[in-house]
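Asks: Letter by letter, the chains look like this.
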Amino acid sequence: MVSETEETQLNSLENQVDNGGGGAWEYLCLVRKLKVRRSEKVFKYGLSILNDPKKRSALGPEEWTLYEQVAIAALDCQCLDVTKDCIKVLQKKFPESKRVGRLNGMLLEAKGSWSEAEKAYSSLLEDNSLDQVIHKRRVAMAKAQGNISEAIELLNKYLEIFMADHDAWRELADIYVSLQMYKQAAFCYEELILSQPTVPLYHLAYADVLYTLGGLENLQTAKKYYASTIDLTGGKNTRALFGICLCSSAIAQVSKGRNREDKESPELQSLAATALEKDYKQRAAGKLGLLTSALRSMKF
Amino acid sequence: MAEDLVLDTAIRDWVLIPLSVVMVLIGILRYFVSKLMRSFQVPDHKIVKEGQVIVRARNLRAAANFIPPKSFRSRRVYFSNEENGLLFVPKGQAQNAQAQMFSDPNMAMDMMKKNLSMIIPQTLTFAWVNFFFSGFVAAKIPFPLTQRFRSMLQNGIDLSTVDVSYVSSRSWYFLNLFGLRGLFSLILGEENGLTGAMFIRYLGPEDSKCVWVMDRYAAVVITGISKNISKQVTMKLEYHP
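So the protein sequences, as listed, match chains A and B. FYI, the numbering for the first sequence is 1 to 300, going by the numbering used here. FYI, the numbering for the second sequence is 1001 to 1241, going by the numbering used here.
For reference, chain B alone in the conformation it holds in the complex:
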């Protein structure tokens, strides 16, 4: 079972490298196409305000120790007040985020466009790989694997005795799919790292509502500017006169 197969260097030259190059090029192409196709989304008042409220509430929580207790309390009430607190989301509405996301036509279109722009090149490339590069051993994985991986990695190879480390080009395709994300973020800036991520969660209002709920129930214990600040400063002035 552990024969050493010698792989033709031609495989490396004509399969592995071209496949990687093609995937990189397709990624770059997709990036530019998405840039062209991006529609200018008119920012919604409510969403902008929500975002800012969250930032402000987060600042309040983070720096709560730096303001007097009275001001902190008044701000906390302002945010989490039962009647008109900015962060207060009555129980019924909190579940709406998901539904709202799908019903809002702009957002739905945007999501669809993003998904499509990823799915189509992936499908095409996969089909291309299957058509041209199937039926032979493409590479050897440097570490040993169990037999379970055979069906996954050796798809075109119909010999059951070949070591599982010898994989077909389909697995090389998948490897590239997930691995080139880092390369893209290097070349293209942080904009496009989305090569292989199949399950991108659309970070929209859904997340912000979660943050709201968290902020609302955050138990914050503060004591205002530390009572010991005078002592601390005294010590500082003593040691560094």
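The shape of chain A in the complex, shown without the other chains:
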């Protein structure tokens, strides 16, 4: 996950490069380090560096990493010729390289020749069956072809071996949510929370899934996780504040007939509502009316 400081650094560098000040190489290095997807910019600036022989030679051995980076960015921008040229250069320099083989596979994927790409990847996997990136590319390919069930199967098999890979868990959770398999998605989010308990995003997503599942127990747990999200973000997360209000009203509805366990919830709720109103007043005063009426209708 990209931290806030890194994000601001990235944005400032981006602005600098966009407006003509130098620093393209630092920008590219930062993008590579943080693994963000800014393919258009990377493509533009990377290509300009590569086409300028003086700048290219100034890079030294990093030149090849830049080739790889630009090749992948070109794939994203659908400029397959550029990718082909980059791959050719890399292949001349590093024949028999697995990384270049992977780039070839990605090029085939981008062209849409799925079976050939599959063949390329399986041959790479034969050499090293524990190559994480190739496994993930196969999952991506299955997903791109629309074959979600196969993607799930491949991802599950991958996770059986590499169960500490939290990116894979995240992808699996996304897929499950898209298929409305909320119980399984909840499991994946639990894994994510276990591996990175201080990232509020996962708490929030988990709470959302629990809220969607419904049922008194899940609603109560969802409320707790919304609360922990607020805790982790210092009260700034609007969605979690909404979540608390919604959960409380849903709990109230579900437990209407039974005896209400009166916890400190009314306080939490009213505080969340107040915080929401304040937030809206600050940022979207026009919608404040909507908010107050919605909150009123949620009254317990």
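If you are wondering where the hints come from, they were derived from the structure by calculation, not from laboratory data. If you're wondering where the values come from, they're calculated on a predicted model, not measured in any experiment. We put the CB at the ideal spot given by N, CA and C, even for glycine. Watch out, some of these pointers could steer you wrong.
Claimed, not checked - Listed below are several chain A residues computed to face chain B (Cβ distance under 7 Å; list not exhaustive): (1) L130; (2) I161; (3) F162; (4) M163; (5) A164; (6) E190; (7) I193; (8) L194; (9) S195; (10) P197; (11) T221.
What the hints assert, rightly or not - In silico EDC-like links for lysine to aspartate or glutamate, alpha-carbon gap of 20 Å or less: (12) B:K1049 x A:D131; (13) B:K1046 x A:E160; (14) A:K183 x A:E160; (15) B:K1049 x A:E160; (16) B:K1049 x A:D165; (17) A:K119 x A:E153; (18) A:K143 x A:D174; (19) B:K1049 x A:E153; (20) B:K1046 x A:D131.
Since the structure of chain A is already known, use the hints to place chain B on it.
Replies: Chain B in isolation, oriented as in the chain A frame:
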């Protein structure tokens, strides 16, 4: 017994400094040679999976407070279940790690190579020091020592009345041997700090099995997300509206 010997500065110029320089150079040489000689070890499925299982189990233990009790319990059973738990190692097999380490040819070769690449330069340098730099006082240790250290530190010096603080070049060699580790980790990155460590334990499956056993028997008490989380958040929202 406490005479002050004046040591020739030539000793410093021609013994201490060259010895240190030579050891640094040999260390760097060894680093590059080991890099060249390193064989690409094909990762084994089982070992990779074991490593990942351990990481996952460790995460479970560390962050147990962050998931609901039911999920924690189901995961704990998954890991430490008697029949097919991932961490469960039946008693007989647990002792095997050591034997397995030696019988696995790749690992044994690797270990041997690593040991050799350390032993040979050490032996050669030691012999060189003994041959060229013996029989005289090389340095003075700034703090006083007891007589016990005489045999260790004053090996080439055959006078029994010389203060123990005056040591031979052999002790300077040993000092460098153990002391240059820090310097190497600075120059060469974390890769090679293994200059003087004579007893490097090969951290392989042997250790992971220990970790497994620990994870299995770890008594974890959790209560799920704290029941007080609502109270905490209420207080937070009150004080920082």
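Asks: Does each hint fit the structure? Answer for all of them.
Replies: Each hint tested on the structure:
1. For L130 of chain A, the shortest C-beta to C-beta distance to chain B is roughly 5 Å, which falls under 7 Å, so the interface hint holds.
2. Nearest Cβ of chain B to the Cβ of I161 of chain A: about 5 Å, under the 7 Å cut. The hint holds.
3. Here the hint on F162 of chain A is kept, as its CB sits about 5 Å from the closest CB of chain B, short of 7 Å.
4. The restraint placing M163 of chain A at the interface with chain B holds, with a minimum CB-CB distance near 5 Å, inside the 7 Å limit.
5. Nearest Cβ of chain B to the Cβ of A164 of chain A: about 4 Å, under the 7 Å cut. The hint holds.
6. At a threshold of 7 Å, the smallest CB-CB gap from E190 of chain A to chain B is about 5 Å, leaving the interface hint in force.
7. For I193 of chain A, the interface hint holds, the least distance from its beta-carbon to any beta-carbon of chain B being 5 Å, beneath 7 Å.
8. Given hint, L194 of chain A at the interface with chain B, holds; its Cβ is 5 Å from that chain's nearest Cβ, closer than 7 Å.
9. For S195 of chain A, the interface hint holds, since its Cβ comes within 7 Å of a Cβ in chain B; the closest pair sits about 5 Å apart.
10. Given hint, P197 of chain A at the interface with chain B, holds; its Cβ is 4 Å from that chain's nearest Cβ, closer than 7 Å.
11. Against a cut-off of 7 Å between C-beta atoms, the interface hint on T221 of chain A holds, since the closest Cβ of chain B lies about 6 Å away.
12. A threshold of 20 Å between alpha carbons decides the hint, and for K1049 of chain B with D131 of chain A the separation of about 13 Å falls inside it, so the pair holds.
13. A hinted pair counts as satisfied when its Cα atoms are at most 20 Å apart, and K1046 of chain B with E160 of chain A qualifies at roughly 11 Å.
14. A threshold of 20 Å between alpha carbons decides the hint, and for K183 of chain A with E160 of chain A the separation of about 19 Å falls inside it, so the pair holds.
15. At roughly 8 Å between alpha-carbon atoms, K1049 of chain B and E160 of chain A fall within 20 Å of each other, so this suggested pair holds.
16. In summary, the hint linking K1049 of chain B to D165 of chain A is supported, as the alpha carbons are separated by about 11 Å, within the 20 Å threshold.
17. Between K119 of chain A and E153 of chain A the alpha-carbon distance is near 19 Å, which keeps this suggested pair within the 20 Å criterion.
18. A threshold of 20 Å between alpha carbons decides the hint, and for K143 of chain A with D174 of chain A the separation of about 12 Å falls inside it, so the pair holds.
19. Between the alpha carbons of K1049 of chain B and E153 of chain A the distance comes to roughly 18 Å, so the proposed pair stays at or under 20 Å and holds.
20. The straight-line distance between the Cα atoms of K1046 of chain B and D131 of chain A is roughly 14 Å, inside the 20 Å bound, and the hint therefore holds.
Going through the hint list in order, the structure satisfies each hint without exception.
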